[in-house]
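Student: With the hints as constraints, model all of the structure from the sequences given.
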Amino acid sequence: MNSFTELFSIFRLRGNARREALTGLAFISIWIVGFVIFTVTPMIATLGFSFSNINLAQEQPLKFVGLQNYQAMVSDSQLQNALGVTLKYALLALPIGLALPLGVAMLLNNKYLRAKGFFRVMFYMPYVIPFVAGIFAWGSLLNPEQGWINQGLEALGVQNPPGWLNDPTWVYPSLVILGLWGIGSAVIINLAGLQGIPTELYDAAKVDGAGWWATLWNVTLPMMSPVIFYSLVLGIVGVFQYFLVPLVLTQGTGRPGGATMFFNLYLYKTFFTFQNMSYGAAQAWVLFLVILAFTVFLFWSSKYWVHYAGENR
Amino acid sequence: MQVKTANETITAQPLAVPARWARRLRDASKSFTVTFIIVVLLAAFLSPLLRITTNSFKTADQVAELGTPLYPAKPRTLTYNGVEYDIYKVPLADGIHELALYKKGRATSEFLDPANPSAPPLVWEGAWRSLDRAWEFAPTLSNYQKVWELLDYPRLMFNTIALAILSTIGVLFSNTLVAYGFARFRIPGKQFLFTIVIATIFLPEAVTLIPTYTFYVKLGWVGTWLPLLVPTFFANAYDIFLLRQFFLTIPREMDEAAMMDGAGPFQILRSVILPQAWPAIIAVGIFHFVYAWNDYFGPLIYLSTHPELQPIAVGLARFNSIYGNKPELTQAGTIMTLIVPVIIFIFTQKFFMQGVVITGVEK
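In order, the protein sequence lines correspond to chains A and B. The C-terminal residue of the first sequence carries number 313 in the numbering used here, and the numbering is unbroken. The C-terminal residue of the second sequence carries number 363 in the numbering used here, and the numbering is unbroken.
Quick caveat, the hints were computed from the structure, so don't treat them as lab data. Keep in mind it's a predicted model, so treat the numbers as computed, not measured. Note that CB positions come from ideal geometry on N, CA and C, so glycine has one too. Any given hint could turn out to be false.
Straight-line distance between alpha carbons at most 27 Å, and here's what the computed DSSO-like set of lysine-lysine pairs gives [said to hold, decoys possible]: (1) B:K190 / A:K303; (2) A:K111 / B:K30; (3) B:K30 / A:K63; (4) A:K63 / A:K269; (5) A:K88 / A:K206; (6) B:K74 / B:K30.
Facing chain B, according to a computed beta carbon distance under 10 Å, are these residues of chain A, among others [claimed, not checked]: (7) T39; (8) F49; (9) I228.
Chain A is nowhere near these chain B residues, computed Cβ spacing over 12 Å in every case [to be verified]: (10) R20; (11) R129; (12) K190; (13) G223; (14) T249.
Tutor: As C-alpha cells, then:
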C-alpha cells in the first residue's frame, strides 16, 4: 500500500519494530524538515499570496482579493504572448530533445564503431560546461556576419543566411542550438537503454526479414519507451520552466520583438522587476498546475505506450 | 556493457577464404563509415570550443577583421634598414611568393624578397590592394591578462570554489543520512514518503520562489551565501534517489552481522555502508560540485547587489553584458569559466558516467 495514513501505524508498532521505524524516520526527517520548510510552506504561501494584494513594499493595506489576480491573466496580452512563445519553443525543442540524443546514442551503440568509450566521454563532456559559457560559445558560432554557421552557409551558396538570434523566427532554432551541450546526459541514458535491449530481439527481427525501419519501429522504440517516457516527462517539466538562456542572452528584454519573452521569464520579471508579488504568485500556480496536468496525463497515458520489460501487458 | 552482435552468433561455420576476406573488407568499410560520421558530428558538436579557444588568443584587430586566418595570427612584416614593410602573397609565374611591399603603386608595385632583401626590388604588375596579406602564427595572452583583472577572476574563483565545497559538504552529509534511512529501515508508509521525494523533481521552482525569496529578505539573508548553502543541508530528490539505489545493492546480511556485534545505526552506516558505497558518494559529490559551479539563477537573485560575493557564472554573464562588443575578451572569459569543470570531468569521468546511468535508467 502506498498511502499517507500508513505513516500513522508507526504508533501501533511495539518493541524492535517500533525502534527501527523511529530510527529510520529520524534519518529521513532531515529531508522531511527541509520539505516542509522549503517546499510545502512556500507552496501554500504562494497560493495564499495569489488571492491577495501582497507586495514587498505593501503601500496599500493587505487584503483578500479573490480571483482578481487570475482574472488579470485572462486579459493580459503580454502573458498570452509569453505562453505562445513557450509553446512554439516547446514544439521545436521537445522533439529534437528526444530524437537527437537517441540518434547519437544509436550511432554510439553501432557495433562497427571504433573507440566507443572515447566518443561516449566526448559527447558527454560539454554537459559539465556552465550553460552561461555554452551560450556565449554557441552564440559566437551563430553570429550572422562572423559566425562559422553563416560563413559555412554562404560558402555553400546560400544567398541570405538567417539572422539567427536577431530574427524573431530563427531565434527558436538558435535557442535549441545554444542548448545543444546539454544533451550529454540524455545520450548516456539512451545509450544505457539501448545496451539493455536483449540481442535476441534483434536476431528475431533479422530472421523475420525486418529492415532498418521495421526494426527501429518494432524493436528499438518499444524497448526504449521507458527512457523516452522519462525524457519526455523531464523535457516537458523543463520546457515550461525555460527562461534562463533568454534571461542571460537578452537581460530579460525578450529581444527580438518579444520572441524570447517566455512564460517563466515573464513571471520572473513580474516579481523581480515589477515587484508584483501577488500577480507573480498567481502565475506560478498556473505554471505549476499546467505542468502537473501534463505530468499526470503522461503518467496516465504511459500504460498504453510505455513497455516495461518483464511485465505483461 | 559489450553488446554481442547478431552476426557473431549466426555465422559460426567456417567460410571459404575469399568470402571471409570479402566480409572483413565489408566490415572495415562499415567501421570506417560509422566512425567517420561520428567524428564529423563530434567535430561540429565541439566546434564552439575550437572557435572560442582560437578567438581568445587573437588580438582585437584580428577578431574584428574578416578574412583572417582561423588560428591566432599577426600579419607578417619585414624590417629592412629600420623600416617595416608588410608582406603579401604575390602570384608570380612560378607560383605564389611571400614578398614585402616596398613601393606602392597604382598599376605596378615593387617588392622585396624577405629571404634576400638587399637584392634589387622586384616589379610586379597589378593592384597591390587585391593581394592577400601573409600571416604568421602569433597567439597573444593579453586577453587573458585583461580578463583576469577586469573580471576580478581570483575573487570569483575563490567564491565559486568556496560555495561549491560548502554546498557539496551539505549535500553529501544530508543525502547520505536520508538515503540510508530510505534504504535500510522498515517504516510504515516509507513507500509513500519516497514517492513524494521523487515527485518533487517535477515541481517547478517558481511555485516556491516568491515566498522563499521574501522570507530570506525578512531574515536579512539576501546578499549573503546562506540562501545558497542552507537548503543543501536538507537533502534533495536526485541525490537521495541515486544513493538509495546504490545502498540497496549492498547485501543486508552485512548490516545484520554488524548488528549482532552490537553496532548501532551510525556505526553500521560508517563501517558497512560507506566503505562500499564510496563510488556513488564520490559521484554525488562531483555532480553537485559541478552543479554548484554552473549554478546561475540562485546566485543571481540572492547576490545581485553584491558582486564581491558572486560566483563565476554570474560574473561571466555580467562581464558579457558590459564587454559584449569585445568578443576576444568575452571568449577568453568563457574559457576561464569552463576550464575547471572540464578538467574535473576529464579526471573523474568514470564516476560521472556511472552516476548518470543510475539516476536515468533505473526509474
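Student: Against this structure, judge whether each hint is valid.
Tutor: Against the structure, the hints come out as follows:
For the hint pairing K190 of chain B with K303 of chain A, the CA-to-CA distance comes to about 25 Å; that is within 27 Å, so the pair holds. Between K111 of chain A and K30 of chain B, the direct Cα distance comes to roughly 10 Å. Compliance with the 27 Å bound is thereby established for this hinted pair. Simply put, K30 of chain B and K63 of chain A have alpha-carbon atoms about 72 Å apart, too far for the 27 Å limit, and the pair is violated. For the given pair, K63 of chain A sits about 23 Å from K269 of chain A by alpha-carbon distance, which is consistent with the 27 Å threshold.
Restraint check for K88 of chain A and K206 of chain A: not satisfied, since their Cα atoms lie roughly 40 Å apart, outside the 27 Å limit. Taking the CA atoms of K74 of chain B and K30 of chain B, the gap is near 43 Å; set against the 27 Å cutoff, the hint is violated. With its C-beta approaching chain B no nearer than about 6 Å, T39 of chain A sits inside the 10 Å limit, and its interface hint holds. Using the Cβ-Cβ criterion of 10 Å, the hint placing F49 of chain A at the interface with chain B is satisfied: the shortest such distance is roughly 6 Å.
Below 10 Å, beta-carbon pairs count as interface contacts, and I228 of chain A has none with chain B, the closest being about 12 Å; its hint is therefore violated. Every CB of chain A is more than 12 Å from the CB of R20 of chain B (nearest about 17 Å), matching its label as outside the interface. Residue-level check passed: R129 of chain B sits 22 Å from the nearest beta carbon of chain A, beyond 12 Å. Annotated as non-interface, K190 of chain B brings its C-beta within 12 Å of a C-beta of chain A; the closest such distance is 7 Å.
Annotated as non-interface, G223 of chain B keeps its C-beta farther than 12 Å from every C-beta of chain A; the closest such distance is 15 Å. Listed as a non-interface residue, T249 of chain B keeps its Cβ farther than 12 Å from every Cβ of chain A; the least gap is roughly 16 Å.
Comparing the model with each earlier hint shows violations of hints 3, 5, 6, 9 and 12; every other hint is respected.
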